[in-house]
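Residue numbers (numbering that gives the first Met the number 0), protein chains in the order written: chain A, 0 to 215; chain B, 0 to 157.
Derived by calculation from the structure, the hints in this document are not laboratory data.
A hint or two may mislead.
Stated by the list, open to error - Heads up, simulated EDC-like pairs for lysine to aspartate or glutamate below, C-alpha to C-alpha not over 20 Å straight-line:
| id | chain 1 | residue 1 | chain 2 | residue 2 |
| --- | --- | --- | --- | --- |
| 1 | A | K194 | A | D143 |
| 2 | A | K44 | B | D138 |
| 3 | B | K46 | B | D138 |
| 4 | A | K44 | B | D145 |
| 5 | B | K46 | A | D143 |
| 6 | A | K44 | B | D129 |
| 7 | B | K46 | B | E155 |
| 8 | B | K46 | B | D61 |
As the list claims (entries may be wrong) - From the derived model, a few chain A residues whose C-beta atoms are all more than 10 Å from chain B:
| id | residue |
| --- | --- |
| 9 | T40 |
| 10 | A41 |
| 11 | T65 |
| 12 | S83 |
| 13 | T125 |
A virtual CB, placed ideally from N, CA and C, is assigned to each residue, including glycine.
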Amino acid sequence: MGSHSRRGRGLTVLGFVLAPAVGLGLTVSSGSAQAWILTTTAGAKEIYLQVGAGTYNGGNYNAGGTPGVNATVNTVSLAVPAASVGNGVAQAMTSNSAVADSFYDGYAVCNPPTQVYIGGWSRDTTGAATLTVTSPANLTSGADTIPFSQISWTSTANGDATADIAAGTFNGGSVALASIATNTWVEDCMTFTYKNTAVAAAGTYTGTAVYTLSQP
Amino acid sequence: MTPRLGALPLGLALAAVVCGQAPLAVAATYAVDDGASLPWRATTIMKWRTPGPNRLNGNIVDGVTVVTLVLNTAPWLHRFGRIYMFLPEPASGPVTANWTTQGRLLPGSLVAGQRTLIYAGQITTSSISDTVTMNVHADGRRLTSDQNLDFQFEIEVQ
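With the hints as extra help, turn the sequences into a complete structure.
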């Protein structure tokens, strides 16, 4: 009995002492060359801007659609009654855009024709993209003019209480609308208003505002 | 008397078992030379996974390349070994990789900073080679310039 008891204690001690040695892992450099290094590039720059009509091919983005090209130039307009010309009462404008749904997921972001969709995104690892709009100094009708600054817009979107694209007024130059962080889809809806403080001759006054999304 | 009688058998038992365990005691890990490996392209072009970001992100870039891996196993010929692929975590953030093989090595996947078993068994040849199709995935927001992924290989032998 005494002998069995002592042998048992001996094995217990042995396990404790040798366990670190049995489990020891050694990392030893062989001193040899290791050659395969995979070089990866940054993702390519990509950009998308839609004002009014736009195109996504193959469905919405969340269904695998891909951005396309749409050359449509939408028109925002109003007819000021002769008795109201220049009376300072702002007039709501309307558009010929029928775009309500986002190409992101089909959600009804805007309420056309009073609202015009504006949205875009940028893939650029060097910094945020800049969205601006530029306009000439005047709307023109032959030799007659109305300052472009008579037109302002508000910005909002269904389901989004905070506008990402700024409200503002055309100024005959460039107006900053948004800084769009890389890999972020931004969209809003613009509602245009004619200030109606200019007294102008009868006619159809036109002008083109150009929206630009640029990467660094 | 009792203490001395107890101490002697304990010492004998230790000596006997240590001798019996010694040949199996140490498993070691060694770096494996892959210097003869041949990538089919020097650079892997990373492409955005989705055709546009979602409103908050959607930022994964993917790349694929093919490499003929040649692992020099001559130092461990006729021994049992486990070979692992290891990818140190790059400064640009999380990278994952998954690959297929022609059958000599194991297909698998790994996250940078970890290692994955690609071979287990007897080392019967002085080198092990296979053609590997490697897919790499990274965060496109953080991958702002060319980045080197230094795949490494190590073997555990018994």
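Status of the hints after comparison with the structure:
Pair hint K194 (chain A) plus D143 (chain A) holds up; C-alpha atoms about 18 Å apart against a cutoff of 20 Å. Straight-line distance between C-alpha atoms of K44 (chain A) and D138 (chain B) comes to about 14 Å, which keeps the hinted pair within the 20 Å bound. Of the pairs offered as hints, the one joining K46 (chain B) and D138 (chain B) holds, with about 11 Å between alpha carbons and a cut-off of 20 Å not exceeded. Using a Cα cut-off of 20 Å, the hinted pair K44 (chain A) and D145 (chain B) holds, with the two alpha carbons roughly 14 Å apart.
Using a Cα cut-off of 20 Å, the hinted pair K46 (chain B) and D143 (chain A) is violated, with the two alpha carbons roughly 52 Å apart. Between K44 (chain A) and D129 (chain B), the direct Cα distance comes to roughly 35 Å. Violation of the 20 Å bound is thereby established for this hinted pair. Proximity of K46 (chain B) to E155 (chain B) is assessed by CA-CA distance (about 36 Å); at most 20 Å being required, the pair is judged violated. Annotation: proposed proximity of K46 (chain B) to D61 (chain B) holds, straight-line Cα distance about 5 Å (limit 20 Å).
Against chain B, the non-interface label of T40 (chain A) is violated: not every CB pair exceeds 10 Å, the least being about 5 Å. Once the 10 Å rule is applied to beta carbons, A41 (chain A) is inconsistent with being away from chain B; the minimum gap is 5 Å. With a least beta-carbon separation of about 4 Å from chain B, T65 (chain A) fails to lie farther than 10 Å from that chain, contradicting its non-interface assignment. No Cβ of chain B comes within 10 Å of the Cβ of S83 (chain A); the nearest lies about 41 Å off, and the non-interface call holds.
Under the 10 Å C-beta cut-off, the non-interface status given to T125 (chain A) relative to chain B is violated; the minimum distance is some 7 Å.
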